[in-house]
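Here the protein sequences come in this chain order: A and B.
Every number in the working numbering is 21 more than the matching position in the first sequence, counting from 1.
Every number in the working numbering is 21 more than the matching position in the second sequence, counting from 1.
Since the hints were made in silico from the structure, they are not lab data.
Honestly, I wouldn't trust all of these hints.
Each pair may be met inside one copy or between any two copies, as identical chains are not told apart.
[To be verified] Here are the simulated BS3-like cross-link-like pairs (lysine-lysine), alpha carbons at most 27 Å apart as the crow flies:
hint, residue 1, residue 2
1, Lys-120, Lys-318
2, Lys-388, Lys-318
3, Lys-55, Lys-388
4, Lys-65, Lys-388
5, Lys-318, Lys-55
There are 2 protein chains.
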Amino acid sequence: MELPAGDYIGMRRDEIDTPVLLVDLDALDSNIEKMAAHFRETGKHLRPHSKSHKTPAIAHRQLEAGALGITCAKLGEAEVMADAGIRDILIANEVVGAKKIERLMHLATRCDIMVAVDHPANLNALNAAAAASDVSPRVLVEVNIGHNRCGAAPGQAAVDLARQAQNASHLRFAGIMGYEGHVVDLEDGAEREERASECLQRLVDARADIEAAGIAVGICSSSATGDYYISTRFDGITEVQAGSYALMDAAYGRLGLGFENALTVLTTVGSRPTSHQVITDAGLKSLTPEHGFPLVKDRNDLECHALSEEHGRLRTLDGADCTDLQVGDLLEFIPGHGCTTVNLHDYLYAMRGGQLVDVWPIAARGKVR
Amino acid sequence: MELPAGDYIGMRRDEIDTPVLLVDLDALDSNIEKMAAHFRETGKHLRPHSKSHKTPAIAHRQLEAGALGITCAKLGEAEVMADAGIRDILIANEVVGAKKIERLMHLATRCDIMVAVDHPANLNALNAAAAASDVSPRVLVEVNIGHNRCGAAPGQAAVDLARQAQNASHLRFAGIMGYEGHVVDLEDGAEREERASECLQRLVDARADIEAAGIAVGICSSSATGDYYISTRFDGITEVQAGSYALMDAAYGRLGLGFENALTVLTTVGSRPTSHQVITDAGLKSLTPEHGFPLVKDRNDLECHALSEEHGRLRTLDGADCTDLQVGDLLEFIPGHGCTTVNLHDYLYAMRGGQLVDVWPIAARGKVR
Numbered sequence: 022m023e024l025p026a027g028d029y030i031g032m033r034r035d036e037i038d039t040p041v042l043l044v045d046l047d048a049l050d051s052n053i054e055k056m057a058a059h060f061r062e063t064g065k066h067l068r069p070h071s072k073s074h075k076t077p078a079i080a081h082r083q084l085e086a087g088a089l090g091i092t093c094a095k096l097g098e099a100e101v102m103a104d105a106g107i108r109d110i111l112i113a114n115e116v117v118g119a120k121k122i123e124r125l126m127h128l129a130t131r132c133d134i135m136v137a138v139d140h141p142a143n144l145n146a147l148n149a150a151a152a153a154s155d156v157s158p159r160v161l162v163e164v165n166i167g168h169n170r171c172g173a174a175p176g177q178a179a180v181d182l183a184r185q186a187q188n189a190s191h192l193r194f195a196g197i198m199g200y201e202g203h204v205v206d207l208e209d210g211a212e213r214e215e216r217a218s219e220c221l222q223r224l225v226d227a228r229a230d231i232e233a234a235g236i237a238v239g240i241c242s243s244s245a246t247g248d249y250y251i252s253t254r255f256d257g258i259t260e261v262q263a264g265s266y267a268l269m270d271a272a273y274g275r276l277g278l279g280f281e282n283a284l285t286v287l288t289t290v291g292s293r294p295t296s297h298q299v300i301t302d303a304g305l306k307s308l309t310p311e312h313g314f315p316l317v318k319d320r321n322d323l324e325c326h327a328l329s330e331e332h333g334r335l336r337t338l339d340g341a342d343c344t345d346l347q348v349g350d351l352l353e354f355i356p357g358h359g360c361t362t363v364n365l366h367d368y369l370y371a372m373r374g375g376q377l378v379d380v381w382p383i384a385a386r387g388k389v390r
Numbered sequence: 022m023e024l025p026a027g028d029y030i031g032m033r034r035d036e037i038d039t040p041v042l043l044v045d046l047d048a049l050d051s052n053i054e055k056m057a058a059h060f061r062e063t064g065k066h067l068r069p070h071s072k073s074h075k076t077p078a079i080a081h082r083q084l085e086a087g088a089l090g091i092t093c094a095k096l097g098e099a100e101v102m103a104d105a106g107i108r109d110i111l112i113a114n115e116v117v118g119a120k121k122i123e124r125l126m127h128l129a130t131r132c133d134i135m136v137a138v139d140h141p142a143n144l145n146a147l148n149a150a151a152a153a154s155d156v157s158p159r160v161l162v163e164v165n166i167g168h169n170r171c172g173a174a175p176g177q178a179a180v181d182l183a184r185q186a187q188n189a190s191h192l193r194f195a196g197i198m199g200y201e202g203h204v205v206d207l208e209d210g211a212e213r214e215e216r217a218s219e220c221l222q223r224l225v226d227a228r229a230d231i232e233a234a235g236i237a238v239g240i241c242s243s244s245a246t247g248d249y250y251i252s253t254r255f256d257g258i259t260e261v262q263a264g265s266y267a268l269m270d271a272a273y274g275r276l277g278l279g280f281e282n283a284l285t286v287l288t289t290v291g292s293r294p295t296s297h298q299v300i301t302d303a304g305l306k307s308l309t310p311e312h313g314f315p316l317v318k319d320r321n322d323l324e325c326h327a328l329s330e331e332h333g334r335l336r337t338l339d340g341a342d343c344t345d346l347q348v349g350d351l352l353e354f355i356p357g358h359g360c361t362t363v364n365l366h367d368y369l370y371a372m373r374g375g376q377l378v379d380v381w382p383i384a385a386r387g388k389v390r
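Based on the provided sequences and hints, a complete structural model is requested.
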């Protein structure tokens, strides 16, 4: 991946062309340290989800801060992280189909890969491919703990799958995982705690069922940025997959979790049609709307109310006046959803003290498979 | 941009790994020819917007079918199209800021670039930069014809800007443009016609005002796939910027315009939790939701009702049963919004007769500026 042309390092914010994805390194470092401290204190393991940043430079910072390994959503991301020298990688989804399974086995020769399974046929296919390639990847049985997307049913189905995994000649049964994705972003903290706890109890119960069948469960993995602190209270849970905490976004910001917004899209005012309207150069091809429109950083008097492909439309709140803004001025958007916004960009511009200190390739972007 | 590994050409659909963006070449060719025929018949010019496909291979097909040149949304796209040998390029937005204006002047040495202007200060900046670089780019005065995003006000402001452009020593005043983006996708055809016509009349009136001031208007450009046929009825309009017609999407499909869906995301069934639910491997990182969830091609019994980052959730309609689908089976999604879906992918897989005949780099993807 080519780096942007020119000698960018040392540029001030107002020398950088827009739209561009910025990461505030002080905020990133603070977020990584806050989360790392929680895991040091609780004695649990953090395996940060890299789908949020897709950036090896950030994954390495998380590992240096004490993370056990990293989590990926798919093979293409895991391949990029293995290329970046990361050894302990969980693909927290099922890998289905002959082509992908072949890639997984190749990956198993380059790192200590671990993959989710939720179906006997998939487990058989993985074992046969591992035997043919003479590798022994780790597997986690995914249990459906309420999200109703993937995962074996808790109870007998999960126990049977764990036994099948343990008996598979070329797989290492490493434990179980669950994902309560339908509750991790509930804005009401008490409701989030109650509903996440119900899901996590199902996971811990599934663990107990499997252990009662005489099968040791080493890893029990779950959770996200919205409920990592709930998960670490459960004795049976050993590690957490939170990822958004590093960069954050406007949607997670509403949960009051104590992490800082490290991710913004720097954008230029292209037009100020009236004293209460601004048009900027960041739209749907620079940030995503599915978790709500972006916030305008340090401008509580402005709200984004529409995004077209290349333009953001802002208006003032409460009849305020924005004539201080002129064409060419800069604003920063805090994206509604960081994970999908990062996925639109090839580079992350790392800022400290108002200066560009590095340009990081978002190396796993574009790896759709 | 590296091509995907392996000798892909000649593969059948069921040999291609998913998720992946497919273009049906028969449908693409049919759409390009249908639109080209309309412009041959009306004697107007088509300058297809390349923001929809970002793919030089498609732009070249549009030019071969008779298009006058191409339209781009931003500099980064225009640079890619110039690299691909295309000469006549309109950037249908304002280019603001010293860095971008410098790039624009460099581009003017490589192709016959034309750019929108809507403000006297921007026009002055363009002229000064053109003088410094000894180039003479063309400019179109953008008129606000009702979209209220960018564009000079119709009437005196537009006339004054046209005069300033005509008098600028290093710019070639080429004409005017307007964009009625708020009405081009209205589903009711009669309402779309009425409201688009109001906007287009404003554009034609602005042209008359400028010509009444003794300034010749060569180009008068507007419109999109939803109203190209309305635009070409106006004597004063000379060319049209429609782009989505080539690939189409589910949202434009609802308008009944007679173009075929050429664009799909091929996706694999990863789970079928019940007899009326399917989980597939295409989510928000493979297609976009802002114009509605994708349709399932050739499966009127299934609807997508949710997208997470890496998964699509389908359910059957009217209590139907989908037990014919098994893990590993393929489906195709027709994206809700083609322009932003294409923007998530690096490659477009070109299919004809059920076989992969080419892999086209989506070369302008990732050019955020």
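Hints versus structure:
Within a single copy, Lys-120 and Lys-318 get their C-alpha atoms only as close as 44 Å, which misses the 27 Å cut-off; across copies the closest is 24 Å, which meets it. Taking identical chains as interchangeable, the C-alpha atoms of Lys-388 and Lys-318 lie at most 27 Å apart only when they sit on different chains, with a minimum of 24 Å there against 30 Å within one chain. Within a single copy, Lys-55 and Lys-388 get their C-alpha atoms no closer than 30 Å, and across copies no closer than 35 Å, so neither meets the 27 Å cut-off. Taking the closest pair of Cα atoms, Lys-65 and Lys-388 never come within 27 Å of each other, the shortest separation being 31 Å inside a single copy and 41 Å across copies.
Within a single copy, Lys-318 and Lys-55 get their C-alpha atoms as close as 22 Å, which meets the 27 Å cut-off; across copies the closest is 47 Å, which misses it.
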